[in-house]
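For chain A, the structure is supplied; the task is to place chain B on it using the hints.
Here the protein sequences come in this chain order: A and B. FYI, in the numbering used here the residues of the first sequence are 1 to 706. FYI, in the numbering used here the residues of the second sequence are 1 to 173.
By construction, these hints were calculated from the structure, which means they are not laboratory data. A couple of the hints might just be wrong.
What the hints assert, rightly or not - Cβ-to-Cβ under 7 Å is the rule here; a few derived chain B residues that face chain A: (1) Gln87; (2) Gln88; (3) Pro117; (4) Leu128.
In this text the structure is predicted, and so the values were computed from the model without any measurement. Glycine included, every Cβ here is placed at the ideal spot set by N, Cα and C.
Listed here are the chains, written in short residue letters.
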Amino acid sequence: MKKTSLTNVGLDRRQFIKTSLSVSGGLMVGFSLNGAAQQDEDASQSRFNAFIEIAPDDTVTLQIHKPENGQGAVTALTMILAEELGCDWNNIRWEFAPIARVYGFPLQGTFGSLGVRSSWQPLREAGAATRQMLVQAAAERWGVAPDRCAAGNSRVTGPNGESLSYGALAAAAALLEVPTELSLKSREDFALVGKAMKRLDTPAKISGQAQYGIDVRVPGMAYAVLARCPVFGGTVRAFDDSQARQVPGVIDVLEVSRGVAVVAENNWAAMEGRKALVIDWDEGPNATLSSAGILAMQQELISTPGAVARDDGNAAEAIANSSTPITADYYAPYLAHTTMEPPNTVADVRENSCELWTGSQIPGIAHLNSVAASGLSPDQVKVNTQFIGGGFGSRGGGNVYGEAVEISLAAGRPVNLLYTREDDIQQDRYRPASLVRMAAALDADGWPIAWTGHVSCQHFQALQNGLDREAVAGLANAQYTIPNRYFEYSALELDVPTNFWRSVGASQNTYFAEAFLDEMARAGGKDPVELRRHLLTDSPRLLNVLNVAAERAGWGGELPEGHYQGVALASVFASFNAQIAEISITQGRLYVHRITCVVDCGQVINPATVHQQMQGGIVYGLTAALKGEITLENGRVQQSNFHNYDALRMDEMPFIDVVIIDSEVEAPGGIGETATPAIAPAIVNAIYAATGKPVRKLPVSPVDLV
Amino acid sequence: MAQITFSLNGFTETVDVPAEMPLLWVLRDVLNLTGTKFGCGMALCGACTVHIDGQPTRSCLTQISYVSGREVTTIEGLSPDNSHPVQQAWLDIDVPQCGYCQSGQIMTAVALLENNPDPDDEEINTALRNNICRCGTYQQIREAVHRAAAIKTSLAYNAMDSEIESKNREESA
Numbered sequence: 001m002k003k004t005s006l007t008n009v010g011l012d013r014r015q016f017i018k019t020s021l022s023v024s025g026g027l028m029v030g031f032s033l034n035g036a037a038q039q040d041e042d043a044s045q046s047r048f049n050a051f052i053e054i055a056p057d058d059t060v061t062l063q064i065h066k067p068e069n070g071q072g073a074v075t076a077l078t079m080i081l082a083e084e085l086g087c088d089w090n091n092i093r094w095e096f097a098p099i100a101r102v103y104g105f106p107l108q109g110t111f112g113s114l115g116v117r118s119s120w121q122p123l124r125e126a127g128a129a130t131r132q133m134l135v136q137a138a139a140e141r142w143g144v145a146p147d148r149c150a151a152g153n154s155r156v157t158g159p160n161g162e163s164l165s166y167g168a169l170a171a172a173a174a175l176l177e178v179p180t181e182l183s184l185k186s187r188e189d190f191a192l193v194g195k196a197m198k199r200l201d202t203p204a205k206i207s208g209q210a211q212y213g214i215d216v217r218v219p220g221m222a223y224a225v226l227a228r229c230p231v232f233g234g235t236v237r238a239f240d241d242s243q244a245r246q247v248p249g250v251i252d253v254l255e256v257s258r259g260v261a262v263v264a265e266n267n268w269a270a271m272e273g274r275k276a277l278v279i280d281w282d283e284g285p286n287a288t289l290s291s292a293g294i295l296a297m298q299q300e301l302i303s304t305p306g307a308v309a310r311d312d313g314n315a316a317e318a319i320a321n322s323s324t325p326i327t328a329d330y331y332a333p334y335l336a337h338t339t340m341e342p343p344n345t346v347a348d349v350r351e352n353s354c355e356l357w358t359g360s361q362i363p364g365i366a367h368l369n370s371v372a373a374s375g376l377s378p379d380q381v382k383v384n385t386q387f388i389g390g391g392f393g394s395r396g397g398g399n400v401y402g403e404a405v406e407i408s409l410a411a412g413r414p415v416n417l418l419y420t421r422e423d424d425i426q427q428d429r430y431r432p433a434s435l436v437r438m439a440a441a442l443d444a445d446g447w448p449i450a451w452t453g454h455v456s457c458q459h460f461q462a463l464q465n466g467l468d469r470e471a472v473a474g475l476a477n478a479q480y481t482i483p484n485r486y487f488e489y490s491a492l493e494l495d496v497p498t499n500f501w502r503s504v505g506a507s508q509n510t511y512f513a514e515a516f517l518d519e520m521a522r523a524g525g526k527d528p529v530e531l532r533r534h535l536l537t538d539s540p541r542l543l544n545v546l547n548v549a550a551e552r553a554g555w556g557g558e559l560p561e562g563h564y565q566g567v568a569l570a571s572v573f574a575s576f577n578a579q580i581a582e583i584s585i586t587q588g589r590l591y592v593h594r595i596t597c598v599v600d601c602g603q604v605i606n607p608a609t610v611h612q613q614m615q616g617g618i619v620y621g622l623t624a625a626l627k628g629e630i631t632l633e634n635g636r637v638q639q640s641n642f643h644n645y646d647a648l649r650m651d652e653m654p655f656i657d658v659v660i661i662d663s664e665v666e667a668p669g670g671i672g673e674t675a676t677p678a679i680a681p682a683i684v685n686a687i688y689a690a691t692g693k694p695v696r697k698l699p700v701s702p703v704d705l706v
Numbered sequence: 001m002a003q004i005t006f007s008l009n010g011f012t013e014t015v016d017v018p019a020e021m022p023l024l025w026v027l028r029d030v031l032n033l034t035g036t037k038f039g040c041g042m043a044l045c046g047a048c049t050v051h052i053d054g055q056p057t058r059s060c061l062t063q064i065s066y067v068s069g070r071e072v073t074t075i076e077g078l079s080p081d082n083s084h085p086v087q088q089a090w091l092d093i094d095v096p097q098c099g100y101c102q103s104g105q106i107m108t109a110v111a112l113l114e115n116n117p118d119p120d121d122e123e124i125n126t127a128l129r130n131n132i133c134r135c136g137t138y139q140q141i142r143e144a145v146h147r148a149a150a151i152k153t154s155l156a157y158n159a160m161d162s163e164i165e166s167k168n169r170e171e172s173a
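So here's chain B without its partners, still in its complex pose:
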């Protein structure tokens, strides 16, 4: 057994588990954070995708010892109220059917948009090709990633606008 301390959705978490226990099962069965899903156990389907230090990672094959001192973000950590731009886009397009793979799809999409604010279809396909959806929501996911990119851009413009505005105010004052 090993004591592992890491940051989980912004809070410090310490668990006492075997060092080789996969992060997925620590999240789900030790911490009861069940939004991250088990799909294959072999990093083949993407249902268990979380962020480790911002990188999309398959938690089913990531040993807990690896996350010691690192930052882990799960679907529950995106926002408390579905207000993250990617969640907003998923709501707007109404993506899910059974919904089981969507945590992994969303986490992969969030990471994609962090690195590439305006991906084209090809880039979306490449980023998400290892996230399997058996319900066949791919067309909606692609649409939602574009929508999320637009939401993020407009948020960025809004932020820039208000920054310029406050700067102007400062200058005129």
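Excised from the complex, chain A in its bound form:
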């Protein structure tokens, strides 16, 4: 056991852990994740905001404060709590937590690959505190010292063979003081953490019983779709709904702030009604926006100085002095998210209440948006978290909550607002298209000594002195030791809505950095792995995953005829990833045979989930690298459904070999987004090896393959 004092960092954390007797006569343990004490506003809810509830019948109910969009939060968080609590895995129940400050509101949600990272320590402490209180209660009952008792499998056992279940001790434990000193388990004592556990949500997801937002049915509910202007920022000038109202099943047609809503008895009637609407749109200033026009703006922006993101040594001089500088422009397009479950929300707005049922990555923001749209006070708004049919960054905020609230208000009844796939693709908030101009210089031995880059794209977050660090993440902060480096950023200001997309800035910048690195390698006559090893003197964990991957994939060894390998690295979300792609090109077609993926993500909670997330992150990035491109013409997104915005199919799925490093690092790293950045550059570097031509624009096109 490892002792941890609850009075560390000058804070008496006892005030942040709170216990009480539950309605059923059990023990409830709550605490705050963000240092805030249990707030008064939370008390307005009927139940105490606990993380752990132990009932007299031994069942343990955990509140899962992170939404589940497939990343395995439910199982991982349960494992962490159960590990320290020492409870029987079969006695565990879980439910999605309501919105409350103790669960992290307003940023209560899952994003930034932070779900486990941010919960690891507080959940362990809560589990340990609860276990110690149960032990204390047993010790008092038996009249023995607590340290002579042991806890595990939902029981406390005493020195003389006494044994009581957690359920039997819960009521007594609820009356005790929260301990000031916690004993956290040592790594070698872990029984659950680090072990491949079956997901708790699988049974519901293979029987059709898992409830996603789209599946919610509440009494009196109608279905709605919304006609939005195809040009971003456009508005309704006038509309004729006479035909729409004739469609069987259509209940009402309502103008709301973002367009014209059709409310109907079922989704199909709503969609048919929307087809029958005649709307005169005021398309506004973006009606002439086109991909070519946007690219021209980016080209202009990188031709004049930008905000400085990194300035080491004197890169400009080193490049100017080089007799053979390497220069290249790289481009990555706008991307949509296309979660399999299209965006949707059920809203029920009444005079004094607003209730939402939705799968949101950040239900805290869904709550805030609903407060704003309904005009009600925060305590009148309730958000019920549902399973999310894919997030990938798309389900943080967005318009869907406010739209559903407005439509419910106008319709005077609960509505289930659905985005069709066309709505989803054409009204998404996109990964911004990014253009970068790079240059590099090599020393006499062919090793890089200078690297510059100037990125132009729309920003992900508010600018600080003209700079958005996320827009250059993965490039300006690449882990390579090169003495002269200069990176700049020029913000592109446009009305194209943009958003996070699995791994955010690193998703395009890792492609730029790693693909250009292979251009440097070739120019200097270096092997790509050898070059990276040479430059990774200051990043031992990244060097290690590279070495393991190179050995595992047989880098430099013999490959089947016509097969080529490409390597790429990513250091993101406190994790380290190396990927080696093996490809071949036959008759102008690209075949991806195998991806070797080595990850060091620190302390592993559930290795089965790490495997899933590595594969999933790769498939997501591979889809984008090979197929993903959103283009604009006349202010309109030109793609509409999977026929022209395709996804990777099973017959295109490479074999993915995942290796997890047994890391000494005690803190967990992120896994949800970790594998996405490196796949595109690993693929294009393999193509470069095959063709001798760098791929400087995504997605990979047929001309890149000859």
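This is chain B only, laid out in the frame that chain A set:
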């Protein structure tokens, strides 16, 4: 409006809806059977796959009039307790991530194994290439289809064994 009667998961169902209304929306919004998912509305992604007379079919483009007098099976009709061999295999391999596409994947896999009890990777790819999974569970799905084939085969052997056993018993008696 049209009165359509069909068999749904073994029970007779009658609905009174427009004849051209897609089966998907009848299932989801009229009958509140939400295990079958909407993904694209154009038969491009496979999330809405059900069986009609045993054939895997995209319910998003199947008009309700077409199923009149036919047998429809949805994910809810496979088993009451996840005991169908394909569901068992999905549990064993722990396939789902977000899970949204899995009803369609499972229904397609069930139909594949009805026609081809031991498909190879190529055959699995061909059968399932039109079922999109954005979470990237393809490798697990492939594994699970092989596993389901093995479960089905062992069940078949068990059934054969007990048949032979009872026959032997009869003969010796």
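> Honestly, which of those hints from before does the structure not fit?
Replying inline: 2 and 3
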